[in-house]
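Let's have the full structure, built from the sequences with the hints guiding it.
Residue numbers (the numbering used here), protein chains in the order written: chain A, 1 to 551; chain B, 1 to 243.
Hints are computed from structural coordinates only; laboratory data are not their basis.
Here the structure is a predicted model, which means the values were calculated and not measured.
Be careful, since some hints might not be right.
Unchecked claim - Simulated DEER-style distance windows between Cβ atoms:
id: 1; chain 1: A; residue 1: V392; chain 2: B; residue 2: E178; range: 54 to 62 Å
id: 2; chain 1: A; residue 1: G374; chain 2: B; residue 2: D72; range: 19 to 27 Å
id: 3; chain 1: B; residue 1: H136; chain 2: A; residue 2: I440; range: 17 to 25 Å
id: 4; chain 1: A; residue 1: G388; chain 2: B; residue 2: P221; range: 53 to 61 Å
id: 5; chain 1: A; residue 1: A523; chain 2: B; residue 2: D72; range: 48 to 56 Å
For each residue, glycine too, the CB sits at the ideal point set by N, CA and C.
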Amino acid sequence: MNVIRRIWQHVATGHRAQVGPRVANRPRATPALRNHHGNPRAAPGSNRGGTRRAAASPAGVILVLVALGLSWAANAQTRPVVIGSKTFTESYLLAEMMAQVLEDRGFEVRRQTGLGGTLVAFQALQSGEIDAYPEYTGTLAQAVFEVQGELDEAQLNARLAPLGAELLPRLGFNNTYAIAVTGETASRLGLERISDLAALPDLRFGFSHEFRDRADGGPGLQQRYGLPQTSSGIEHGLAYLALLQGDIDVTDAYSTDGDLLRYDLRVLEDDLEFFPAYLAAPLVRSDLDAGVKAALSALTGRLDDETMRALNAEVAVEERTFARVAGDFLLAQGLVTATGTRPPTLRDNLARNTLTHLKLTAIAVLAACVVGVGLALLVYRSPALSAGVLYVAGLLQTIPSIALLALMIPLAGVGQVPAIIALFLYSLLPIARNTITALITIDPLLRRVTQALGLSELEQLRHVYVPLALPHMLAGVRIAAVVSIGTATLAAFIGAGGLGEPIVTGLALNDTGLILQGAIPAALLALSAELMFEGLERWLVPRHLVARRVA
Amino acid sequence: MNGIIEFTGLTKSHGRTEVFRNLDLVISKGLTTGIVGESGCGKSTLLQLINGLQRPDRGAVHTFGRPVPERDLVAFRRRIGYAVQGTGLFPHMSVARNIALLGELEGWPGSRIRARTATLMDLMALDGELASRYPHELSGGQQQRVGICRAMFLQPDILLLDEPFSGVDPLTRADIHEQFLGLMGSEATTVVLVTHDMGEAGRLADEIVVIRDGAIVQQGPAERVRRSSDAYVARLFGARTGS
Chain A
1 MNVIRRIWQH
11 VATGHRAQVG
21 PRVANRPRAT
31 PALRNHHGNP
41 RAAPGSNRGG
51 TRRAAASPAG
61 VILVLVALGL
71 SWAANAQTRP
81 VVIGSKTFTE
91 SYLLAEMMAQ
101 VLEDRGFEVR
111 RQTGLGGTLV
121 AFQALQSGEI
131 DAYPEYTGTL
141 AQAVFEVQGE
151 LDEAQLNARL
161 APLGAELLPR
171 LGFNNTYAIA
181 VTGETASRLG
191 LERISDLAAL
201 PDLRFGFSHE
211 FRDRADGGPG
221 LQQRYGLPQT
231 SSGIEHGLAY
241 LALLQGDIDV
251 TDAYSTDGDL
261 LRYDLRVLED
271 DLEFFPAYLA
281 APLVRSDLDA
291 GVKAALSALT
301 GRLDDETMRA
311 LNAEVAVEER
321 TFARVAGDFL
331 LAQGLVTATG
341 TRPPTLRDNL
351 ARNTLTHLKL
361 TAIAVLAACV
371 VGVGLALLVY
381 RSPALSAGVL
391 YVAGLLQTIP
401 SIALLALMIP
411 LAGVGQVPAI
421 IALFLYSLLP
431 IARNTITALI
441 TIDPLLRRVT
451 QALGLSELEQ
461 LRHVYVPLAL
471 PHMLAGVRIA
481 AVVSIGTATL
491 AAFIGAGGLG
501 EPIVTGLALN
511 DTGLILQGAI
521 PAALLALSAE
531 LMFEGLERWL
541 VPRHLVARRV
551 A
Chain B
1 MNGIIEFTGL
11 TKSHGRTEVF
21 RNLDLVISKG
31 LTTGIVGESG
41 CGKSTLLQLI
51 NGLQRPDRGA
61 VHTFGRPVPE
71 RDLVAFRRRI
81 GYAVQGTGLF
91 PHMSVARNIA
101 LLGELEGWPG
111 SRIRARTATL
121 MDLMALDGEL
131 ASRYPHELSG
141 GQQQRVGICR
151 AMFLQPDILL
161 LDEPFSGVDP
171 LTRADIHEQF
181 LGLMGSEATT
191 VVLVTHDMGE
201 AGRLADEIVV
211 IRDGAIVQQG
221 PAERVRRSSD
231 AYVARLFGAR
241 TGS
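What follows is the structure, given as structure tokens:
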């Protein structure tokens, strides 16, 4: 259970491992200010799907079935370098830089950004869904290797090597906890280092709740530096505002947060090195082409804390796109020769995402039809077996969809295969339940007559039971399809692409326009599915039987 | 004895209720046998023992001179027509398809199916234009006649009728009786008719078996049973005239 909880947490909180539970807040500390229009990320080649992964995973027959369905999507000829990211501004931005540096050097690149958390991203790297993504030393130590203390880059690489991964030289900055005060406070009191705070017992500390509760957060910090102040708890999203309004004097922050710049906050130096290091660096597959690794190394040491903070602010505060901010920076640094990448048009994105979405749900629901109806036909004559099947399917249904997706990661990795399996499991219940219910509620007299007339079991099913159960079965498939279309938007968290992708990115950036780019087509798809099944029912079921069901 | 169906030492219970104890009964080939008794006397069970829908607890049931088969009942049952009260028509099939389903399953060519359907509908006085309707669009009496047509489609050696004429008004029932007798006139077969209506049995059956509390109280040619001095049998006839 522990493992599951861990995975779940990582999926749910993205960058979390870096700074513990609080980080859920991180990418959107002041959400309203982080709008970001027309995000151009050429994202996610969802096409590549999980086909490579399928054979190795243990989900047996189901998986084979799904993999078969996916095989048509496999495009193995040319293999672009796939760059991933997690779901917060800095990660998107760094991924974009990595991508553009490679593109400028003639490599074909595909972006699969917006992976829902550290373990998802790391798993994606290991399984080959992606080839590289930006990661942090402290995150690797805590989330992947679960060590208490710190690991330096050499130690990390020693542990990463057997896993087929490699951390390239650091980009330069350290995105760790920081202690921030206003510029005014800093100059008035002459504050530069955290240890300067010890002599000022009247300062009011406002720490975010999680930071306050963690031993390696506020309490440890105050102990290490001998800080006498008591702290009050405050929502991280409100802390900067409280600081500016003078309600508090000191708060915790992240060292590369663009808002530090926006509000002219001063970060006090961690002179006793209390906070662990979260040094950013490209994490790549060991077997990645040496030329690609070398190209990525062009970024080494190019980003210090201040630069990163400024770039984050450009996205978060000035609402510029990842691609522009990254491209302008790279050009200014002489790291690329031209800001090239033409962002894909809205229509490109829409078409690709919709197709991926349809593929995910169609394969899942079709497989669930085959298995669900098959199961129902096998068990419906035995009340005990029927109850058993419905119980198990019902149990699957009670798992929150995002958790089911997370559960799929250790079984089937990330990408489209686990997403399809999860959607498949979700679709089983409505289909199996409706089929079983329809079959067992068929008029006993009809059943008796059907047998007495001398219909074989197959003929009974084919000519009588299934046609009579059809309205209910179709209703079950319809529910499954509509629910799947909705649930599939969450599949973007595990790198499956689809219409969830703009939603995930939009959520990370609090960009309503981007969210709607996913949400509206998803809603339209669900509606079309409804209409399609209505038509199907009208076509397949005699009218009076439909009417009787509704009445 | 020319028994196409024979029950020997039949004992059958439903749960803790004993329906038959040690019952012996022979049903003659080529005749219509009416099995008469009050509701719950086990008449329907008796029919279902003949086509293997139910199995005896003890004793034996022989149909066509052999024990009712344990498996491969499909071919066996296609020699035995079955029509019931409430008809059990397939609601998702047209009248024609209801009637002809077994022919379809037997792989009959379309022309033969159409001819046979037309013949039966004609004999049971069903208008040809009803063929394309669904059962729920028919009157109760029409549905019952469709049920008879369906049961007779393959010209079965035995026709089992479980109160198939009840639940319609007396005039309609009289019509259906006429049509049924006409049908039997042209396609004679062995009929086992279960009914609580002694008058109906007297009208349609050659032989009558009166059952009470799971035992046979009277058995013989219809005329003789009708004249029986047995108080219970007399009461059954009385009940009919009263209804």
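Evaluated hints:
The given range of 54 to 62 Å is respected by V392/A and E178/B, whose C-beta atoms sit roughly 58 Å from each other. For the pair G374/A and D72/B, the beta carbons lie near 25 Å from each other, so the given range of 19 to 27 Å is met. In this structure the supplied range 17 to 25 Å holds for H136/B paired with I440/A, their Cβ-Cβ distance being about 22 Å. Separation of G388/A from P221/B is about 56 Å and conforms to the stated range, judged on CB atoms against 53 to 61 Å.
Roughly 54 Å separates the CB atoms of A523/A and D72/B, a value that falls within the hinted 48 to 56 Å.
In this structure, none of the earlier numbered hints is contradicted; all agree with it.
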